[in-house]
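Asks: Chain by chain, the residues:
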Amino acid sequence: MELIETLLSGQLLFATLVTGAMYALVAVGLNLVYGTMRLLNVAHGDTLILGAFTSFLLIESLHLSPFVAAPLAALLGATFGYALYRGVFRGLLTRLGGQTVALESNSLLLFFGLSIVLQNILALQFSPATQSVQALDFIWHWGEVSMTGNRLWALGCASLVCAVIALVLKFSAHGLALRALIEHRDAAQVVGADIDRLQAASFIVGYGTAALAGALVATLEPFSPFSGFPFTIAAFIVVILGGLGRISAGIGCAFLLAAIETYGVALTSTNLRSVLLYGVFVAALVLFPRGLWARKAAK
Amino acid sequence: MKSHFSVRRRLLVLTGLVLTGFVSSAFSQTVAKPATASAPVTAAAVKPVRIGFSIAQTGFMAEAAVSQINAYELWKDQVNARGGLMVEGKRRKVEFVKYDDQSKPEQSVRVYEKLINDDKVDLLFAPFGTQFHMAVAPVFEKYKFPVVGNTAASVVLKQVKPGYIWFATSAMPDRMMVDLVAFMKQNGVKSAAIISNVLPFTKELRNFLEPELKKAGITVTVSSEYPPDIKDMTPLLSKVKKAKPDAILVLSYPMESVMYSRQARELGVNAPFHFLSLGPSDAFYGKAVGKSGNGLITMGHWSPRADWKGSQAFLDDYRAKFKDSPDYLNSALSWMSAQIMEQAVAKAGLDRQKIKEVIAKDTFDTINGPVRFEGVQNVTTPVAFLQLQANGLQLVWPSSIATAQFQPKLNWDK
Numbered sequence: 001m002e003l004i005e006t007l008l009s010g011q012l013l014f015a016t017l018v019t020g021a022m023y024a025l026v027a028v029g030l031n032l033v034y035g036t037m038r039l040l041n042v043a044h045g046d047t048l049i050l051g052a053f054t055s056f057l058l059i060e061s062l063h064l065s066p067f068v069a070a071p072l073a074a075l076l077g078a079t080f081g082y083a084l085y086r087g088v089f090r091g092l093l094t095r096l097g098g099q100t101v102a103l104e105s106n107s108l109l110l111f112f113g114l115s116i117v118l119q120n121i122l123a124l125q126f127s128p129a130t131q132s133v134q135a136l137d138f139i140w141h142w143g144e145v146s147m148t149g150n151r152l153w154a155l156g157c158a159s160l161v162c163a164v165i166a167l168v169l170k171f172s173a174h175g176l177a178l179r180a181l182i183e184h185r186d187a188a189q190v191v192g193a194d195i196d197r198l199q200a201a202s203f204i205v206g207y208g209t210a211a212l213a214g215a216l217v218a219t220l221e222p223f224s225p226f227s228g229f230p231f232t233i234a235a236f237i238v239v240i241l242g243g244l245g246r247i248s249a250g251i252g253c254a255f256l257l258a259a260i261e262t263y264g265v266a267l268t269s270t271n272l273r274s275v276l277l278y279g280v281f282v283a284a285l286v287l288f289p290r291g292l293w294a295r296k297a298a299k
Numbered sequence: 001m002k003s004h005f006s007v008r009r010r011l012l013v014l015t016g017l018v019l020t021g022f023v024s025s026a027f028s029q030t031v032a033k034p035a036t037a038s039a040p041v042t043a044a045a046v047k048p049v050r051i052g053f054s055i056a057q058t059g060f061m062a063e064a065a066v067s068q069i070n071a072y073e074l075w076k077d078q079v080n081a082r083g084g085l086m087v088e089g090k091r092r093k094v095e096f097v098k099y100d101d102q103s104k105p106e107q108s109v110r111v112y113e114k115l116i117n118d119d120k121v122d123l124l125f126a127p128f129g130t131q132f133h134m135a136v137a138p139v140f141e142k143y144k145f146p147v148v149g150n151t152a153a154s155v156v157l158k159q160v161k162p163g164y165i166w167f168a169t170s171a172m173p174d175r176m177m178v179d180l181v182a183f184m185k186q187n188g189v190k191s192a193a194i195i196s197n198v199l200p201f202t203k204e205l206r207n208f209l210e211p212e213l214k215k216a217g218i219t220v221t222v223s224s225e226y227p228p229d230i231k232d233m234t235p236l237l238s239k240v241k242k243a244k245p246d247a248i249l250v251l252s253y254p255m256e257s258v259m260y261s262r263q264a265r266e267l268g269v270n271a272p273f274h275f276l277s278l279g280p281s282d283a284f285y286g287k288a289v290g291k292s293g294n295g296l297i298t299m300g301h302w303s304p305r306a307d308w309k310g311s312q313a314f315l316d317d318y319r320a321k322f323k324d325s326p327d328y329l330n331s332a333l334s335w336m337s338a339q340i341m342e343q344a345v346a347k348a349g350l351d352r353q354k355i356k357e358v359i360a361k362d363t364f365d366t367i368n369g370p371v372r373f374e375g376v377q378n379v380t381t382p383v384a385f386l387q388l389q390a391n392g393l394q395l396v397w398p399s400s401i402a403t404a405q406f407q408p409k410l411n412w413d414k
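Same order as they appear, the protein sequences are chains L and C. The numbering of the first sequence is the working numbering, which starts it at 1 and goes up by one. The numbering of the second sequence is the working numbering, which starts it at 1 and goes up by one.
Derived from the structure by calculation, the hints contain no laboratory data. Mixed in with the good hints, there may be bad ones.
What the hints assert, rightly or not - Far from chain L, by Cβ distances over 12 angstroms, these chain C residues were calculated: (1) Ile218; (2) Asp307; (3) Lys354; (4) Ile367; (5) Gln389; (6) Thr403.
Stated by the list, open to error - Below are the SDA-like pairs computed for lysine to any residue, each with C-alpha atoms no more than 25 angstroms apart in a straight line: (7) C/Lys104 <-> C/Val155; (8) C/Lys287 <-> L/Glu60; (9) C/Lys291 <-> L/Trp140; (10) C/Lys161 <-> C/Ile116.
Stated by the list, open to error - Simulated restraints, written as ranges between beta carbons of each label pair: (11) C/Ala390 <-> L/Tyr82: 46 to 52 angstroms; (12) C/Glu210 <-> L/Pro230: 26 to 32 angstroms; (13) L/Pro230 <-> C/Glu113: 31 to 37 angstroms.
Ideal placement from N, C-alpha and C gives every residue a C-beta, glycine not left out.
Taking the hints into account, I'd like the entire structure generated from these sequences.
Replies: Shown next, in the form of structure tokens:
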């Protein structure tokens with residue numbers, strides 16, 4: 001039966017895993033920054049594109065391997081994030097920390113401006129033209145499933161990084177402190193968590209993962225200075241579905257969304273992709289306003 | 001008081017952001033500032049010829065428009081190297097007055113009105129894209145300012161009142177699909193899979209393609225559409241693979257053409273007659289897909305031919321200046337439109353009515369061979385198709401201008 005055949009297709013499973021891993025990686029950075037500091041980073045997709053251009057430069061001009069270019073791009077992103085934190089946001093957070101509404105609106109505008117500046121600096125530097133990186137395009141066959149090298153690399157790298165982040169958050173002392181900060185800022189301060197270092201860490205990891213995702217995207221699809229916005233949107237959907245600040249739930253939601261997208265489209269029609277994605281998103285918000293995995297609020 | 005303090009801070013931040021917004025949009029505007037005289041002023045008071053146009057330098061069309069701006073700039077360099085544009089027996093240097101239309105047709109309209117009324121330019125060049133040509137055609141009609149259009153292809157163009165705009169392309173969807181089906185029949189195609197983007201141009205292609213296939217008796221085994229923001233074509237491609245058609249017709253825009261190619265390659269989806277409407281004619285496609293794209297047929301009516309004067313030189317000069325190949329559709333068309341204007345001005349000077357009469361009647365010598373207009377359409381350049389082959393993009397249809405034989409696409413790794 002066609003339904004069973006579709007659900008059991010190895011090729012579709014591979015596509016779901018790759019898409020899911022990429023959604024998860026793109027969302028994890030946004031989730032961290034929003035979760036810890038309530039900053040609405042609408043420039044997230046543009047940071048991703050910055051990572052993509054970095055990887056493009058490293059691979060095309062310096063002929064580095066994509067395995068080297070990706071961590072380097074992540075490093076650049078992390079540095080940029082730290083600089084942004086120290087230069088702009090630390091002051092803002094010190095003054096407004098805890099005043100969520102004020103923080104959100106101010107940060108929204110700041111990041112919006114950052115987004116425009118990033119896009120146009122990249123366009124001036126590289127021209128608005130679409131760029132692409134050809135790398136790792138050997139095809140590996142496993143049974144009836146064909147896998148292009150760059151997609152395998154994206155799957156592996158993104159999954160690994162997300163897993164590491166989730167594990168660190170769950171099992172390490174620093175992770176615990178971060179989760180405390182996400183859950184209850186004032187209480188975390190009272191019990192002695194070093195807010196400044198945790199916030200810096202969020203920025204570093206948040207921007208680093210965005211740039212890493214960009215480096216992976218560069219080998220997967222063509223990109224341009226102005227193509228960052230769809231990634232921002234995708235990240236926001238995943239973050240909101242999983243619950244703001246809930247990193248592991250976000251990762252789970254990323255794969256769920258990818259599954260809906262891939263299998264849903266396979267069973268219906270490609271035209272319904274947006275309907276399915278946003279339909280599920282809206283339904284989930286209506287039924288589970290605090291995210292699919294939200295715990296009941298502590299009394 | 002605390003609240004007073006934070007209100008002031010907030011105002012400061014807001015001002016800062018507004019300024020950032022202005023600065024960054026000013027950033028993009030500086031790129032589009034009208035070019036000041038770059039050539040040294042020659043002894044006699046020979047005024048330069050100022051040519052104005054709007055072009056998408058920011059926004060979603062910006063990437064594609066690069067192929068047009070480059071062609072215009074290269075043309076200007078070469079004309080000025082020759083001493084300038086020939087106007088009434090004297091050579092005058094060319095200066096561009098260009099503004100960013102931010103990928104917004106309404107902005108393009110404002111730009112052209114400004115160019116005509118405020119900047120008072122001598123000549124106008126066309127913007128990038130069908131929508132933009134359509135938006136500004138009434139402006140040219142209103143001010144009786146002749147402009148040779150280039151990067152516009154739609155049957156809607158036929159509705160434009162002939163007068164002050166002409167369209168140089170032969171890639172009109174209705175004629176193209178008739179020829180495509182004839183091409184397929186010639187190669188024994190009996191079944192076809194069509195997947196298409198829902199955006200206007202590819203939708204138009206599909207609307208003309210389906211009846212032609214039916215008339216020719218070619219069975220359509222898969223017929224699907226996809227949204228422009230598609231990220232993964234695996235389900236779609238699996239369907240096509242199962243159907244094993246003789247021809248795969250992908251009516252794509254450049255933006256997803258690379259993704260299609262990579263995913264079709266990954267899944268091993270292929271047919272001997274493999275058509276990808278937009279994408280392969282541009283340099284970035286070759287860089288992104290490489291040799292595996294060889295064998296794909298695409299839209300285009302230009303490739304260097306010995307009997308088309310200047311065609312090889314254009315290719316070589318473009319590559320030398322921009323370290324990239326031109327887009328065989330957009331760059332060639334932009335160059336052709338500049339050539340036509342150059343020849344018209346050499347004959348008629350800068351008088352707009354005279355230029356209009358010359359363009360409407362004469363036959364022009366371009367890198368794509370002779371071009372003559374009837375009404376708004378180019379009636380001499382035939383509908384044609386290009387194929388990506390080992391030695392570059394070749395014209396494979398019609399046989400009257402073909403530069404190479406059609407080769408069936410055997411797989412994705414040649």
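Asks: Quick one: work out the minimum CB distance from C/Thr403 to chain L and report holds if it exceeds 12 angstroms, violated otherwise.
Replies: 26 angstroms, holds
Asks: With respect to the beta-carbon atoms only, verify the hint that C/Glu210 and L/Pro230 lie 26 to 32 angstroms apart.
Replies: 30 angstroms, holds
Asks: CB of L/Pro230 to CB of C/Glu113, is that within 31 to 37 angstroms?
Replies: 34 angstroms, holds
Asks: Please settle this one: C/Asp307 was flagged as non-interface, so is its CB more than 12 angstroms from every CB on chain L?
Replies: 32 angstroms, holds
Asks: Are C/Lys287 and L/Glu60 close enough, with their CA atoms no more than 25 angstroms apart?
Replies: Distance ~11 angstroms between C/Lys287 and L/Glu60 Cα, so the pair holds.
Asks: Minimum C-beta separation from C/Gln389 to chain L exceeding 12 angstroms: can you confirm that?
Replies: 19 angstroms, holds
Asks: Per the stated criterion, does the least C-beta distance between C/Ile367 and chain L lie above 12 angstroms, as a non-interface residue requires?
Replies: 22 angstroms, holds
Asks: Holds or violated: C/Lys161 and C/Ile116, Cα atoms, limit 25 angstroms.
Replies: Holds: C/Lys161 and C/Ile116 sit about 20 angstroms apart, inside 25 angstroms.
Asks: Just want to verify: C/Ile218 was marked as not at the interface with chain L; is every Cβ pair farther apart than 12 angstroms?
Replies: 22 angstroms, holds
Asks: Compare the distance between the alpha carbons of C/Lys291 and L/Trp140 with 25 angstroms, and conclude whether the hinted pair is satisfied.
Replies: 18 angstroms, holds
Asks: Hinted pair, alpha-carbon criterion (25 angstroms max): C/Lys104, C/Val155. Please report holds or violated.
Replies: This hinted pair holds, its Cα atoms lying about 21 angstroms apart.
Asks: Against chain L, does C/Lys354 keep a CB gap of more than 12 angstroms to every residue?
Replies: 37 angstroms, holds
The structure fails none of the hints (numbered hints given earlier).
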